Structure formats: C-alpha cells, structure tokens
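Please put together the full structure from these sequences, using the hints given.
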Amino acid sequence: MKKVIALTLVLLIVGTFVFAQGGRDKADDVEVVKFWYHFDNPETALNPLIEKFEAENPGIKIEPERISWDTYNQKLLTAIAGGYPPDVAQVKLWWQPQLVEMGALLPLDDYIANWDGKDDIHDRIWELTRHSDGKQYYMPLQMVILYLYYRADMFEELGLEVPKTREEFLDVAKKLTRDLDGDGIVDVYGFGIRGARGGHDWWGTFVLSSGAEFFDEHGNSKLTTPEAIAANQWFIDLYRKHKVSPPTTPSDGFVEVIANMKSGKTAMTIHHLGSAAELEAVLGDKISAAPVPRGTEGYWTSFGDEENAIFAATEVPDAAFKWASFLAEAENNAIWQKSSGQVSVNKSNASADADRFLKATTDSAEFAGVLPAHPGVSEFVESLWPALMQQAFAGQITSAEMMQAIEDHFAK
Amino acid sequence: MRHTHPLRLILGTYLPIILIVLFAIGPYIWTFISSITPETALYQAEFRFFPEQPTSENYTRLFTKLDFTSNILDSLMVAFFTAILGLAITVPASYSFSRYKFKGRNQLLMQFLIINMFPIMLLIVPLFIMMRVIGIMDTHLALIVAYSTFTIPFSVWMLTSFFNAIPIDLDKAAQIDGCSRLGAMFRVVLPVAMPGIVSTGIYIFITAWNEYLYAAILTSSKVRTIPIALQNMIGEFRIEWGLLTAGGVLSALPVIILFFFIQKQLITGMTAGAVKG
Amino acid sequence: MGQPSLRKKRDLLPYALVTPALAITIAIIFLPMFQTITYSFSHYVLYKPQEKGFIGLENFKTAFTDPLFASSLINTFIWIVGIIVFQFLLGFATALLLNRKFPGRGIARSLILIPWVTPSVITALMWRWMYDGNHGLINQLLSKAGLIKEFIPFLAQTSTAMGSIIVALIWQGFPFFAIMLLAGLQAIPEELYEAAEIDGATRIQQFFRVTIPMLKPVILTTVLLRTIWVANSLDIILIMTGGGPGYSTYTLPVYSYIKAYKGMDFGYSATLAVLLTILLMIIVAGYVRNILKSQED
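For the protein sequence lines, the chains are A, B and C, in the order given.
Mapping of the first sequence onto the numbering used here: residues 25 to 436, in sequence order.
Mapping of the second sequence onto the numbering used here: residues 23 to 299, in sequence order.
Mapping of the third sequence onto the numbering used here: residues 1032 to 1328, in sequence order.
Careful, some of the hints might be misleading.
Cβ-to-Cβ under 8 angstroms is the rule here; a few derived chain C residues that face chain A [said to hold, decoys possible]:
(1) Leu1077
(2) Lys1079
(3) Pro1080
(4) Asp1163
(5) Gly1164
(6) Asn1165
(7) Gly1177
(8) Lys1180
(9) Leu1186
(10) Ala1187
(11) Thr1191
(12) Thr1272
(13) Gly1275
(14) Pro1276
(15) Gly1277
(16) Tyr1292
Stretch by stretch, here's where chain A covers chain B in the computed footprint (C-beta under 8 angstroms, at least three residues) [stated by the list, open to error]:
(17) 75 to 89
(18) 150 to 163
(19) 236 to 242
(20) 255 to 265
Under the rule of at most 25 angstroms between Cα atoms (straight-line distance), these lysine-lysine pairs were calculated in the BS3-like manner [to be verified]:
(21) A:Lys362 to A:Lys383
(22) A:Lys198 to A:Lys188
(23) A:Lys436 to C:Lys1083
(24) C:Lys1132 to B:Lys286
(25) C:Lys1247 to B:Lys286
(26) A:Lys362 to A:Lys76
(27) C:Lys1079 to A:Lys436
(28) A:Lys383 to A:Lys142
(29) C:Lys1324 to C:Lys1247
(30) A:Lys188 to A:Lys310
(31) A:Lys362 to B:Lys87
(32) C:Lys1079 to A:Lys116
(33) C:Lys1092 to A:Lys198
(34) C:Lys1132 to A:Lys199
(35) A:Lys267 to C:Lys1180
(36) B:Lys123 to C:Lys1247
(37) A:Lys362 to A:Lys85
(38) A:Lys246 to A:Lys436
(39) B:Lys123 to A:Lys85
(40) B:Lys125 to A:Lys76
Hint data in this document are derived by calculation from the structure and do not stem from the laboratory.
What you are looking at is a predicted structure, and each value in this text was computed from that prediction instead of being measured.
Think of the CB as a built atom: it goes at the ideal place given N, C-alpha and C, for glycine as much as any other residue.
And the structure:
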C-alpha cells in the first residue's frame, strides 16, 4: 500500500511539472494579433490566409483561436467581462449597441478613410454596419442574406408560380400542404417555420414588412399599432389557422427546418447560402431559391449578422486593423468565403454567372435589413422572441400581448 | 449464494438485466447507426433503421483530418490525473471525517456541500480571470485544478459515507494488533473500502471526462478534450452529424474498456479484514 | 450506526488529513463564490458599467414579484423530484441485479456505464433527434407498433416537453446510482445475511433488515449529492429546448444562465443562483442533519 502512495505522489509531482507548461515565448519586436473566429466545417483552417498575411507583413504574427459556434458568444462575453478580450474577432451585429455602450469596441473611421479597399465593398454593407452614433466599428467580412427556398419540382407538379406577395405566398403554401398517400395525415407542409431561437428572421419577413416597426423615424415604437398586431396575427395564423407549418414548429431550430426540407416534409422555408450546398447535395435540381415575398408595406429580410470588430483594449490597433482589412480585400475575402460558405463582401468578386442561390442573395441585397441598434436586441433574439412566439403559437398569449411584451422590452 | 431455479434465474435476473442494458445502450446503438450512415441518407422521406450503404468514412475523417487521437489523449490525461489527485486528497480527508470527531468537523462538511450547491456556470468569469492571472490558461493543469474544485467536495461526501459503513471495530482491532493510526487506515480499512474508493475514482474520472463548460472557457488550442472536439462539429448553420456521432461513439469506449478491467475491484475483500465475533 | 471516535486529545492528525482538500477548494472556489454573491446584491448589467453599484436586496425583491421566477421554481421542483425518484429506483434495481452472480456480469456492468459516460452534448442531441416530431426514432417505433397514428411533437408541446427531457436525464444518470449502490452492496458482509437466514428471515425480510440499514449512509449520500447535481444541471435542457416551448422548461439554473449570457445581466443572474442555493439548502437540510447525526452516536 505504501508503494502505491509513493508512486502516486511521484506521479503527481511529475505531472505538475509536465503540465504546468503554458504560454508561448514571444520575440519582443513582433506584434501579435489575437484573432477569434469560427467556421462551421471542422476540417477547414485559416492557415493559408495567415501564411499569406504574415509573408506580406513581417513583424506581425496572427494568433488565431478557433472556437466552436456553440460556445463562441459565451466565451467572447466571458473574455470581455473578465477584461481579456482578443484583438480582433467575429462579432454579431446585434451586440453592437451593448459593446459600444460599454466602450469595448474601437471606432475605425480613421483607419477606413485611409484604406484602399473601402470602395470595393458593397455600399449597403457600410450602411447596415454603421452604428447609430455615426461611427464605423465593424470591418466587413462576409455577407449573408436570407431568401426563400422552394421545391421547384413540387411547384411544377402543382402548376404554381413563385410567390411575389404575401397573399400569393399563403395561397401557394396552402396548396402545397397535402396528404400524399390518402391516409388522412398530412405528408407535406407548405412552409417550414423556425419557431426556436433564430426564427425571428422568418417572423421579420412577414411582420416587419407589413406594418410593424421597432422604431420609426422619430424613434417611436410601431409594434402595437393595429397593423402591426394584425401582421403578427397573420404570421401566427400560418401555424394555428392555416396549418401550413408542421406541428413541430415551436421547437424547430435550423437543423430541423433544413432536415424537413431535405426529407420533403416541407416545400418552402427561409434560409441563406450557408445551407445551399447541403440542400443541393440531397435535392439537386429540385431545390431552388428566390427573394422573399413582399409584405403589405414592403420587403424585409435579414442581413446576416456577423463582421469583424476590433476591441478597444487592444495593444496593437494598427496591426489589428491590417489583419481585419486584409480579410476584407477581394482576393483574400474570396478565400475566406470558401471556408465560411458565405458571400464575398467585395463588388469585384460579384460574379456574372452566379448560381440561383447566389442570385437570390444578391437580388435581395437592396432591401435586406438588420434589427435596430438597441441594447435589448440580443436578449430579444436569444430568449425573448422564441419564448413569446412559442407561447403565441400555442395559443397561450394573443398577438397583441406578444407585441406589447416586445414593445415593453425595448422601452426599457 | 444459494442455487436458484433456472426459470427463476431467467425471469428474475436475466430478463430485467437485458431490458435495463437495452435501455442503457439503445440510444448509443442509434448513435452508432447514425455514425455509419452516409450524409445524404440521413434525412430520407422513407425511414430506415439501418442504412443501405453503411460507411466508415466518418471514423477515418476523425482520425486523419481532425486529429481525434490527440483529443482522446488530452481527455485521458486530464481525467486520469484529476482522479488520482482527487483520490489522493479526499481519501485521507474522508477517513478523518469518518473516524475522528474533531472540532469543526460538521461545519467543514457542510462547507463542502454548500460549495457544490453553487451553480458552476456562474463561477466561470472569476475563474477565468484567476487562471489568466496565474498564467496556466490552456494547460492540462488548469483543467485538473478546475475539475478538482467541484469533484473534491462530492468525493469527500461519497467516501465519508463509504467509510462510515465500515465498522470502527476494524480500526480498533488493528490498533490492538500494534498498528499506528495511519497504519490502521492503510493496512486494514482501505482494502475494505476499496469498492467505495474505486467507484469514487470512477465518478471523478467520468465527471472530468465529460466536462465541457470549463474546458471550453479555460483552454483554446493546446489542450482540446473530447467534448470540445465534439462541440466543434456543431456549427452555426450545419451540424456534422456523421462526425459528431462517430466521435460520440468513440468517446464512450475508453472509459467502458477501462472500467471493464477494474470492475473486479468493486468486489470487496471483506474477508481480508473481517472481524470475528 | 455507532461510530465512536478514534480521537485522542489535542489531535492534529484529523486536521492534517483534511487540509489538502480544504486548501484547494478555498483557494479556487471561495473567491469566485464570494464575488458572485456580491453580484447578487448589485446592479450589474455588463453593458452598463457606469450603472454598476450596490443595491442591497432590490434584486431579491424583483425575484419575488417575477412570475418567471415562480414558474421556474415550480419547474425546478418537478425536475428534481421526477428525475431523482426514477433515477434512484432504476439505479437501485440495477445494482441489486448486478450484485448477483451470473455469466456476463462484467460485461453488463460495463455496458451500464454508457449513459453516464456519454458526453452531455451527444446525449442531448441524440435524444432531441430521437424525439423529433417529423423523423424521430421514438415516433417511428411508436407508429410501427401501431400505438400512434400521427407523430407526437414531443419537444414542441408544453405538455410533453418537460417529461421528455426528464426521461433523457433518467437515462443519463441512473448508472451513477447503480455503480455507487453496487459498491455499497459489496461492502455488506456475507455473515450478516447468513445470520439472518439462520434466524429464519425470508429474502424480503433480509432485504429490509440487513441490506437497507447497511446501505443507509450510501443511499442518503448518493441521493443528496445527486439532488444537488440535478438541481444545478442545465446543459441538456439548453440544447434540447433552450427553455421552451414558451417558458415551460425554464428551471432556475436555466433562467439564471439565460439572464447572464443572453441578457448580460450578471447581477440578477447571480441573485437567481443564490436563491437556488438557498432553496437547495432548505431541501437538503433534513437530509444533512440526518447524515451528520448518524455519525454522531
């Protein structure tokens, strides 16, 4: 027994020395830029871009940290709260209000003014990422815009046209919802709604386009007007009244929504280029895309939501900007998109022979929007909207109550 | 053990065991089937239990492209040393709590309990800062220390209860036979407590093996345990089901195999130190 | 269960044995714990650092008038009771079965570990997929067995969501009880059973007269520890439903987490955590007194 104890103690001591190695040795005259990012595909790597950058910029080293999407925001928030943020990172657009209010982000206007690549960026991107204080805190990285996916084969089979307005959409969805084998159970649903977290984009397309507005030009909430409540009711009715969306809608996240498209359970849904490849792998030509239908007042679709930001606490701001702008240059940006699956931010990369998915993306660019720059947005997106929407779908609250709750949240 | 009638054996023992084992491994088998299903066959309109063309490509991808081996090694190292450290520290402590009635004993025991009642995810930010300041971020040591903090209190309580179940006459008899107090602990009580010690060690190992939150926050590139690797398969816009399920299947194996070899230790050597009369 | 002390007067050995465990926990946990408690008495919203400050019991007052706090509290109770009762019963039955001698026992014991060993993320995702209302395995099986005609959207209905997650948790945790109770069973001396048999006790009487009393410390402790662990667990809920549909699967830890990491309100989140801890202390008070008392005599 004593031998066991002795051995264990030795193991412990040895282990402590072996394991306490940490930290890397840095040469003093090299600037290190800590960059946090995430790619969905676990096999991709950033190395080619890093090698290219470091070759062009001796004296700067990039220290990348790739974090899985699930933990990304939590880890970033912890680091910010703990006072040790990275230098550059992908940051959600809807965090901008809070981060700017905290003083956590570095304003980049001066850098951008002197940057050659600024004119090659789609103007809309600058518009959408600028903060309400007029300053630019984000560097463009990728563009993603939500559009409508639809089963071209089912449309052809039923003689349907791609819906351009909300009414056409409802009509088409109802016709697509059908029982294929006559057993009394619906086999195909017209439209897959994402009712779990992240589904606010689906909601926005039909509600924010038809009379509801978070804040109008005067900063007043337009969420509880009769039009807004009616628009929300219209959306709820898709599920409750017309039943064009599967019963699983309240808990369907993006995995379920895409899976339902792949298996043919749903005939239409909304998403973006990130899912195009895998849908096409399963459905081939049967799947196609178009811009979302118009609401009563106009169009609304979500402009995707993450660009590079530089943190104010950085000790190497110049180097950090060099890296962020490097990624926004046409050639490099195209390489980045190969890993991210998104669309390039550069005008010079826009290709003439774009496939149908890319075309749907670019066709939607002029009316793509973002949620308002208000600190309550992230909680709205992450927990408030899903909870309210699910309750509304279940009939536990009315449309008016839901819109009122949202308005109250943004009034704080 | 008296001999039981074969029918009784089947109904009373085998049948329930088989049912329970099926319940336990059912989802695991389903995970395995998913891991050998090609991507395009995962969402068919027509449901199949078993894929038409099973593939092993997810497993090969894990090891060739994604360096899963180093994930396994990192997890093994962290879990193993956390268990060893944990046992080395809690066995004496629990023995003390069990055998000695000293001032402050109950308060200390309560303190360990209260610590464990605290939701660990709220301790992340201060712990993060602490590890940063000490300078051991992204090392095995950081995880071993972090995991020890919540496995030690649990282990103290578990082991104390196991020790409590061993009559103190055992220690007294040993001391009468000439052992020192520590000697009594090592020579007599520990062997009898071995099932409890082994199962507590298993508990610590498994807890460290599966832990995700602290690993995610406290490590980045040098140490990547299995839960981190698995979480990497979950992207923003797609989940790599094949890789994820393959990784899930593999992550259970080392522990199962390890356990199979040490589960004999769960059988007591009670006769070794039995008190007669 | 008498445990007269081995202690001598003015004895340092007990303290020496306990010190390493104490040292690590104090050094690492105490400061963060204390800091979190401070947050609970403060207004601490991450993006309003200028408003950060001590506000006394305000957060607690808010909690008591917060309907979501009340519903999370009730859900937490249901969660704890539903899981612990069935985990324990199933685990105990398993331990008793695995204690018997039969060929293949070693394999059975090892296989039982699988739910416990599986990383939570896999457990949550696989169960979520098995419950899926359009493609899930459970629905497929129920339908093929003729028990249902239309698929049940388990996780989309408030009536079935919580129960579904509880089943997944029972699956995950019963091996813990099985192994710990098995270890406890092993430590019961054979002589006690033999003596009882000589006294004419039946198997059932032996169970209640020998097994249960001898196992009592282990049973009490495992139930106590597991209750604490289950009360605090949230990762599986987060992945399976995120707290939904609606707020129907919000337990206190889930609410606390969402407040911190989605709402960036670390103050109120800490308050919820502190309240959860106090709640747990009340629940386990009876238990703990029992355990400590049985050590006294």
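Hints versus structure:
With its C-beta approaching chain A no nearer than about 6 angstroms, Leu1077 (chain C) sits inside the 8 angstroms limit, and its interface hint holds. With 8 angstroms as the threshold, the beta carbon of Lys1079 (chain C) comes within range of chain A, its nearest partner Cβ sitting at about 7 angstroms, so the hint holds. Hint status for Pro1080 (chain C): holds, given a least beta-carbon distance of 6 angstroms to chain A, under 8 angstroms. Checking Asp1163 (chain C) against chain A: minimum C-beta separation of about 7 angstroms stays under 8 angstroms; hint holds.
Proximity of Gly1164 (chain C) to chain A holds as hinted, the smallest CB-CB distance being about 4 angstroms (cut-off 8 angstroms). The restraint placing Asn1165 (chain C) at the interface with chain A holds, with a minimum CB-CB distance near 5 angstroms, inside the 8 angstroms limit. Taking 8 angstroms as the C-beta contact cut-off toward chain A, the hint placing Gly1177 (chain C) at the interface is violated, the least distance being around 13 angstroms. Interface hint status for Lys1180 (chain C): upheld, as the beta-carbon distance to the closest one in chain A is roughly 7 angstroms, under 8 angstroms.
Given the 8 angstroms rule on beta carbons, the hint for Leu1186 (chain C) holds: about 4 angstroms separates it from the nearest Cβ of chain A. Checking Ala1187 (chain C) against chain A: minimum C-beta separation of about 4 angstroms stays under 8 angstroms; hint holds. Interface hint at Thr1191 (chain C): violated, since its Cβ lies 10 angstroms from the closest Cβ of chain A, which is beyond the 8 angstroms cut-off. Look at Thr1272 (chain C): its Cβ gets to within about 6 angstroms of chain A, closer than 8 angstroms, so that hint holds up.
Residue-level restraint check for Gly1275 (chain C) holds (minimum Cβ-Cβ distance to chain A is 5 angstroms; threshold 8 angstroms). Because the smallest distance between the Cβ of Pro1276 (chain C) and any Cβ of chain A comes to about 4 angstroms, under 8 angstroms, the interface hint for this residue holds. With a least beta-carbon distance of about 4 angstroms to chain A, the hint placing Gly1277 (chain C) at the interface is held under the 8 angstroms criterion. The criterion of a C-beta within 8 angstroms of any C-beta in chain A is met by Tyr1292 (chain C), whose closest approach is roughly 5 angstroms, and the hint holds.
Figure legend: the region 75 to 89 of chain B, annotated as covered by chain A; annotation consistent (3 residues with Cβ-Cβ distances under 8 angstroms, at least 3 required). For the region 150 to 163 of chain B, the assignment as covered by chain A holds, since 10 residues bring a beta-carbon within under 8 angstroms of that chain's beta-carbons and 3 suffice. Note: the region 236 to 242 of chain B has 3 residues with beta-carbon separation from chain A under 8 angstroms; the three-residue rule is met and the coverage holds. Against chain A, the region 255 to 265 of chain B contributes 9 residues with a C-beta closer than 8 angstroms to a partner C-beta. That satisfies the three-residue criterion, and the hint holds.
In summary, the hint linking Lys362 (chain A) to Lys383 (chain A) is supported, as the alpha carbons are separated by about 17 angstroms, within the 25 angstroms threshold. For the hint pairing Lys198 (chain A) with Lys188 (chain A), the CA-to-CA distance comes to about 15 angstroms; that is within 25 angstroms, so the pair holds. Distance check on the hinted pair: Lys436 (chain A) and Lys1083 (chain C) sit about 17 angstroms apart at the alpha-carbon level, within 25 angstroms; holds. For the proposed pair Lys1132 (chain C) and Lys286 (chain B), the alpha carbon gap of about 13 angstroms is at most 25 angstroms, so the pair holds.
At most 25 angstroms may separate the alpha-carbon atoms for a hinted pair to count; Lys1247 (chain C) and Lys286 (chain B) meet this at roughly 23 angstroms. Only pairs whose Cα atoms come within 25 angstroms are accepted, and Lys362 (chain A) paired with Lys76 (chain A) is accepted, the gap being roughly 16 angstroms. Between Lys1079 (chain C) and Lys436 (chain A) the alpha-carbon distance is near 13 angstroms, which keeps this suggested pair within the 25 angstroms criterion. Taking the CA atoms of Lys383 (chain A) and Lys142 (chain A), the gap is about 23 angstroms. The hint holds against a cut of 25 angstroms.
Of the pairs offered as hints, the one joining Lys1324 (chain C) and Lys1247 (chain C) holds, with about 13 angstroms between alpha carbons and a cut-off of 25 angstroms not exceeded. Between Lys188 (chain A) and Lys310 (chain A) the alpha-carbon distance is near 20 angstroms, which keeps this suggested pair within the 25 angstroms criterion. Proposed proximity of Lys362 (chain A) and Lys87 (chain B) is supported: the alpha carbons are some 18 angstroms apart, at most 25 angstroms. Between Lys1079 (chain C) and Lys116 (chain A) the CA atoms are separated by roughly 18 angstroms; this keeps the pair inside 25 angstroms, and the hint holds.
For the hint linking Lys1092 (chain C) to Lys198 (chain A), the alpha-carbon distance of about 49 angstroms lies beyond 25 angstroms, and the restraint is violated. A hinted pair counts as satisfied when its Cα atoms are at most 25 angstroms apart, and Lys1132 (chain C) with Lys199 (chain A) does not qualify at roughly 63 angstroms. Only pairs whose Cα atoms come within 25 angstroms are accepted, and Lys267 (chain A) paired with Lys1180 (chain C) is accepted, the gap being roughly 18 angstroms. A threshold of 25 angstroms between alpha carbons decides the hint, and for Lys123 (chain B) with Lys1247 (chain C) the separation of about 20 angstroms falls inside it, so the pair holds.
Pair hint Lys362 (chain A) plus Lys85 (chain A) holds up; C-alpha atoms about 23 angstroms apart against a cutoff of 25 angstroms. For the given pair, Lys246 (chain A) sits about 15 angstroms from Lys436 (chain A) by alpha-carbon distance, which is consistent with the 25 angstroms threshold. Taking the CA atoms of Lys123 (chain B) and Lys85 (chain A), the gap is near 60 angstroms; set against the 25 angstroms cutoff, the hint is violated. Restraint check for Lys125 (chain B) and Lys76 (chain A): not satisfied, since their Cα atoms lie roughly 66 angstroms apart, outside the 25 angstroms limit.
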